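Participant: Sequence:
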Amino acid sequence: MKIKINGYTLVELMVALALGLIIVAAAVQLLISGQSTLTYQKAIENIQDNANFGMNYIAADLRQTNLDLGARAMGNSKVSGLIVKKENYPTGMTTEDLPLSSASTGATLATVKSDVLVIQYKAAQANGFDCEGKEITSTNVIVVQKYFIRENQNNKNGDLVLACAAGRYDPSSPKLELTGLPNTAIGQVVLQRVDQFKVLVGVINATNQMSYLTLTEFEAAENTIRPVTLQIGALIRSVDNAGVNTVIPTTYTLLNTAFTVKNPSKVTGKFLRVPIEQTIAIRNAIGDVK
3 MKIKINGYTL VELMVALALG LIIVAAAVQL LISGQSTLTY QKAIENIQDN
53 ANFGMNYIAA DLRQTNLDLG ARAMGNSKVS GLIVKKENYP TGMTTEDLPL
103 SSASTGATLA TVKSDVLVIQ YKAAQANGFD CEGKEITSTN VIVVQKYFIR
153 ENQNNKNGDL VLACAAGRYD PSSPKLELTG LPNTAIGQVV LQRVDQFKVL
203 VGVINATNQM SYLTLTEFEA AENTIRPVTL QIGALIRSVD NAGVNTVIPT
253 TYTLLNTAFT VKNPSKVTGK FLRVPIEQTI AIRNAIGDVK
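Each residue of the sequence shown is one higher than the last, beginning at 3 in the numbering used here.
Worth flagging that the hints you see were computed from the coordinates, not collected in a lab.
Heads up, none of these hints are tricks.
List of simulated lysine-lysine pairs, BS3-like, C-alpha gap at most 27 Å:
id: 1; residue 1: Lys88; residue 2: Lys124
id: 2; residue 1: Lys115; residue 2: Lys272
id: 3; residue 1: Lys136; residue 2: Lys124
id: 4; residue 1: Lys158; residue 2: Lys272
id: 5; residue 1: Lys87; residue 2: Lys115
id: 6; residue 1: Lys80; residue 2: Lys124
id: 7; residue 1: Lys177; residue 2: Lys88
id: 8; residue 1: Lys158; residue 2: Lys264
id: 9; residue 1: Lys124; residue 2: Lys87
id: 10; residue 1: Lys136; residue 2: Lys177
id: 11; residue 1: Lys177; residue 2: Lys87
id: 12; residue 1: Lys115; residue 2: Lys264
id: 13; residue 1: Lys158; residue 2: Lys136
id: 14; residue 1: Lys124; residue 2: Lys177
id: 15; residue 1: Lys115; residue 2: Lys268
id: 16; residue 1: Lys88; residue 2: Lys136
All figures in this text were calculated on a predicted structure; none of them were measured in a lab.
Start from the sequences and build out the full structure, keeping to the hints where you can.
Facilitator: Here is the structure:
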């Protein structure tokens, strides 16, 4: 007696197996795509968190530039809140190697060096703090603050940070001496993983025409121009690897300056970098100057 057993033919099994493999491949591809998107979004998120806090703090701090220094009309050759020359300090300063703003002289991971920004203002109230967190105990002092890029002292992997170091002097003292701000000062970290920092100075001339100059151009300009705004830009890198499939730009542009950039010496992988720019009105340099 013959028993008939129904089942799948070899061709049917091969077709079913092929269809199953297609479905599995699609699911794996979807998983990989989702993971890449998640990695990318996390990289963007930590850049935004870092940038929003740091840039807002810097903007608020820079608005104090030129506060109560005697004249709203700042310049490049007289006592001024924006310091590019020794003439921007009071006559008679005894401190050697006074900190000055400068273009393309600072540390960077880019092909163009970063800028250094130095400002000064009179303390508005006692019991406040400078950008390093040092307490201001008197309203008679002038606070000098220096923004610059340096190597991260904590992880030692070549990461750069945007830091601020602060000092002060008493303009009523018979000995005008800037204290607390030597050239070796490492300051307080304001922004993590900053690969580039650039500054432009917004100036108006005698006919109220406005233009933007680099710090070097502002230093060399005629003394009839007045700075009224600052543009700052920072190229900020993500802390997380953005994934192997992320397309990384070959060049970046920050405040009209194009450059290429590399990873820190001990960091490998693909990382997102976002140029953040902000324009800040120097409110203590705007208004009637007669």
